[in-house]
Amino acid sequence: MDFQGQVTVEESSRDAVPAGDPRPHLVVVGNGMAGCRAVEELLAREPGRYRITIFGAEPHVNYNRIMLSPVLAGEKTFDEIVINDHAWYADAGIRLVTEDPIVTIDRADKTVSARSGRTTAYDKLLIATGSDPFIIPVPGRDLPGVISFRDMKDVGHMLAAAAQGGDAVVIGGGLLGLEAAHGLTLRGMKVTVLHLMDTLMERQLDEAAGWLLRTALEARGQTILTGADTAEIVGDTHVQGVRLKDDRVIPASLVVMAVGIRPSVALAREAGLEIGRGIRVDDNMVTSDPDILAVGECVEHDGQVYGLVAPLWEMCRALADGLVGRPTGYRGSVTSTKLKVSGIDVFSAGDFSGGDGAEDIVLRDASRGVYKRLVLEEDRVIGAVLYGDTADGAWYFDLLKKREDVAAIRDVMIFGQAFASGGGQADPKAAVAALSDDAEICGCNGVSKGQVVAAITGGACSLDAVRGSCKASASCGSCTGLVEQLLAITLGDEVQAGPKTMCKCTSFGHDDVRREIVAQEMRSIPEVMQRLHWSTPDGCASCRPALNYYLLCALPGEYVDDQQSRFVNERLHANIQKDGTYSVVPRMWGGLTNPRELRAIADVVEKYNAPMVKVTGGQRLDIFGIRKEDLPVVWADLNAAGMVSGHAYGKSLRTVKTCVGSEWCRFGTQDSTGLGVKIERMAWGSWMPHKFKIAVSGCPRNCAEATIKDFGVVCVDSGYELHVGGNGGIKVRATDLLCKVATEAEAMHYCAAFIQLYREEARYLERTAPWIERVGLDHIKARIVADAEGRDALAARFRHSQLFSQDDPWAQRAAGAERDQHAHLGEFRPLVLEAAE
Amino acid sequence: MIADWIDVGPVQAIPPRGSRTVPVQGGDEIALFRTHDERVFALVNRCPHKHGPLSQGIVHGHAVTCPLHNWRISLETGEALGDDRGCTPTIPVRVDAGRVLIARAALVAAAIAA
Ligand code: SRM
Ligand SMILES: Cc1cc2nc3c(=O)[nH]c(=O)nc-3n(C[C@H](O)[C@H](O)[C@H](O)COP(=O)(O)OP(=O)(O)OC[C@H]3O[C@@H](n4cnc5c(N)ncnc54)[C@H](O)[C@@H]3O)c2cc1C
Ligand code: SF4
Ligand code: FES
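Order-wise, the sequence lines are chains A and B. Numbered per UniProt numbering, the first sequence finishes at 837, counting up by one with no gaps. Numbered per UniProt numbering, the second sequence finishes at 114, counting up by one with no gaps.
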């Protein structure tokens, strides 16, 4: 591959005007995409009007910079990305000076001087110097092996490094960084991408699309670290690695910095032109000096700077119109982006963050790995994010730019142009009715429209029944909408409502979601939302806590809890009160306490001026009125006396209530207090679908009220009666007797198995009482009593998951974990801000 | 010179789909929210219903669900969504070069009003 363009060698150092050429002299600084395009536009209008000289800092003819990514990836050669070769310059009579950057502009004299010393006079000067890559100011940034990704020289460095193999780090998970990472991966390097934000390409993509992209890149062998803040680039004579602020060191023999670009304005600033974020230009691309124009990434127009080529094509047209005396004026651009990584289609345009009154239309097709999101405002498209299927990107972008009213097609437009304009049928029902009988409805199970209709006419009157009888929409669910329309078309009003969906964000119920999480081995909330076609970008306050629990339950020790998907009490490990303060309930095992604990509680109450301390209905003490900022220090004090969180706030084990038992009570048959403490030690900390209460009574007088608890033990002479599904709250329900066992060990074993069955099968926010009413006591007995092997397996799974949950959350917070949840960001006193960070 | 916008810290200091608070001496506490699509919003940290601390709610889309009685509040307008009626004042906020900036005028007004 030949990277080197020819260098035009000039003899004299002062350029003379060729004798007899009376035309005004246009000098262009920058032989890049905008500079050359501007010249092309000018030639297309009036080829002979100006005498033209172009200065370029690079040693090449004009090439297509955006295609550097395919060159790096080995999909194109340099020759293939050349836009204008030497013959073009010669034919057009343009003098090209390469590898000689302009270093000064003398506006009084109307000359420019190049690094070689050559001085050239101009009548009109066009500045098209593009951008400079931004280099983050960390130690080690100047080490050999640290490069940016901007021009052919950088690509040459990357190819040389890749030839040696080894590790590469790309800093920046935006468009440029990901394209560099992709190319280096294809060239055989082991690539780690460090991205400061939590979502890749966060300026173009939302969280859902960012997650899909990340998954696809990881599947190709890249390591993606988000929230990664670079502290230093390490190495003696050459780069050896990158150290993050959290002290992790990632080894690397090549570091590519792709964190952003800055308009290249040094030359213009020296010359005294007006500069904002870029060189300020008017609608005709004229700077503050009427004889100097500027175009491309180096300019600021109407407060905007651009980093993509589409706007500069528009700028170049306006510029040429102005230069030939027929100004049309540039009015700014709306931009769209595509990622050039083969096999991964990503498109983004406009404002997808939404504004007042913006509405989302979301389509997720998990079997095809597709995510589409349109943002509409007053029936106009204002933004689009497409992942996996970008075929309609151009159409959406067109609708967006033209600000077209889409009211007539809004229900169907997410399916694409072909569908939306299919024979002018804007009504989705009509579009589905028009499908032929052999049209495929369910891609996962290969079910045709004819088969679905046959199932419906054969008696399947609800979505669920259709799923049951012909399997359509029973797998990924992406065709749910189509099946529902077929139901409506075939049955008219007779359609039966399906089972209750989890919330408005999904058409699935709790059981379906749970089954699919396990069957498809899903690992994160964004993954579930994508695979199961959530209709909102990030769910709502109902589904997020449920998904978080289902994942936590399915993947003990692996799943990383999503704090932002937890209700405040579980996020702050305390109960929120009506005035926004919190109550603190330390665990008192089995209701037992001692002077040390009581003293520590008394001290906390005094030290933090807690307005109230109260004995709860759960046999322990509750301290009220603590501010969120003070919780960690309160906990530290309680921890010091040996107390841990009582989870009075959690969908988890609350209390184990006990009575006095055989130890003291004249009627006690067994050590109910001791057993209660043992059970509480076994079960504390476990997350559950809802709160879970246990009690152990020493005899059938039942002073611990064991028969209105989720799991209750009533001790008798011959052993232990185990009771389940009691509830003392809104709707009182007495327990059902599960069985009787002979030993304490068995009682605990059955308890563990029962809790795990509840954890795995109940719906989120369903307590044991309604759960048992729904599934029947026989089901519970079959699983826990009759099936010894199953019981052992359930208990083993419970004990395994407890390995990861019996870590006192208060101690973690007291030691500084999740500080953000407690500390203010800063404090404002009139006229000053005290930053807490 | 006193700037019109006050820098309260980096965007990353607010957890994604989460919130941080900035108390105003003598005034209403401000809640800053960061949404799934990296937008930042600011509201007075007080639910129009019964003054629940909105900063402690679950953030979803461009809304927050109040931790006390589950009203949903728009982060853009401060209005209660759905069938509920009420409005929380919004605070002008913007993000520049990764820093969160709050309008000084709004803070001063909040402090004086209270
Ligand atoms: C503190 C306490 C009252 C007290 O001072 O005694 C209490 C306080 C609350 N209970 Fe309770 N319950 C308390 C014992 C009970 C009991 C008695 C018991 O556990 O023996 C019951 C009836 C037994 C039962 O649960 O079956 C009880 C049935 C409820 C219910 C209804 C549950 C149900 O399934 O019907 C709710 C509402 C809910 O959970 O949705 C509730 C909810 C609440 C909440 C969490 C309301 C809320 O969501 O904010 C109260 C929190 C106040 C706070 O911040 O502390 N509380 N609550 C008791 C704490 C016990 C503990 O040490 O952890
Ligand atoms: C790897 C890569 C991939 C990209 N992919 C896309 C994409 O997919 N889609 C998209 O829309 N955009 C993409 N871009 C951005 C696009 O390339 C730029 O928007 C475009 O090149 C800007 O054109 P420009 O003329 O303003 O700057 P440039 O093309 O950079 O041209 C400026 C030229 O001026 C020269 N120069 C600078 N100072 C002087 C001086 N003092 N004297 C003489 N010469 C000087 C520079 O050497 C350079 O050759 C990509 C960019 C890169 C680097
Ligand atoms: S009964 Fe429970 S929920 Fe009701 S006021 Fe008392 S503590 Fe609160
Ligand atoms: S205080 Fe916010 S919903 Fe009641």
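In short, the hints are calculated from the structure, not lab data. Some hints here could point you the wrong way.
Calculated from the model, a selection of chain A residues having no Cβ within reach of chain B, i.e. all distances over 10 Å [what the hints assert, rightly or not]:
no., residue
1, 46
2, 47
3, 208
4, 229
5, 240
6, 326
7, 340
8, 397
9, 436
10, 538
11, 556
12, 578
13, 597
14, 615
15, 668
16, 826
Ranges of calculated distance between the beta carbons of each label pair, as one might list FRET restraints [said to hold, decoys possible]:
no., chain 1, residue 1, chain 2, residue 2, range
17, B, 77, A, 103, 16 to 26 Å
18, A, 276, B, 77, 43 to 53 Å
19, A, 817, B, 82, 31 to 41 Å
20, B, 85, A, 578, 46 to 56 Å
21, A, 308, B, 82, 52 to 62 Å
22, A, 594, B, 108, 30 to 40 Å
23, B, 82, A, 247, 22 to 32 Å
24, B, 108, A, 219, 16 to 26 Å
25, B, 82, A, 458, 52 to 62 Å
26, A, 324, B, 77, 41 to 51 Å
27, A, 237, B, 77, 34 to 44 Å
28, A, 663, B, 82, 49 to 59 Å
From the three backbone atoms N, C-alpha and C, an ideal C-beta is built for every residue, glycine too.
Hints, one by one, checked against the model:
no. : hint                      : result
1   : 46                        : 43 Å, holds
2   : 47                        : 44 Å, holds
3   : 208                       : 8 Å, violated
4   : 229                       : 8 Å, violated
5   : 240                       : 27 Å, holds
6   : 326                       : 39 Å, holds
7   : 340                       : 23 Å, holds
8   : 397                       : 19 Å, holds
9   : 436                       : 38 Å, holds
10  : 538                       : 4 Å, violated
11  : 556                       : 24 Å, holds
12  : 578                       : 7 Å, violated
13  : 597                       : 29 Å, holds
14  : 615                       : 25 Å, holds
15  : 668                       : 43 Å, holds
16  : 826                       : 5 Å, violated
17  : B:77 x A:103: 16 to 26 Å  : 53 Å, violated
18  : A:276 x B:77: 43 to 53 Å  : 31 Å, violated
19  : A:817 x B:82: 31 to 41 Å  : 35 Å, holds
20  : B:85 x A:578: 46 to 56 Å  : 20 Å, violated
21  : A:308 x B:82: 52 to 62 Å  : 39 Å, violated
22  : A:594 x B:108: 30 to 40 Å : 53 Å, violated
23  : B:82 x A:247: 22 to 32 Å  : 47 Å, violated
24  : B:108 x A:219: 16 to 26 Å : 52 Å, violated
25  : B:82 x A:458: 52 to 62 Å  : 40 Å, violated
26  : A:324 x B:77: 41 to 51 Å  : 49 Å, holds
27  : A:237 x B:77: 34 to 44 Å  : 58 Å, violated
28  : A:663 x B:82: 49 to 59 Å  : 55 Å, holds
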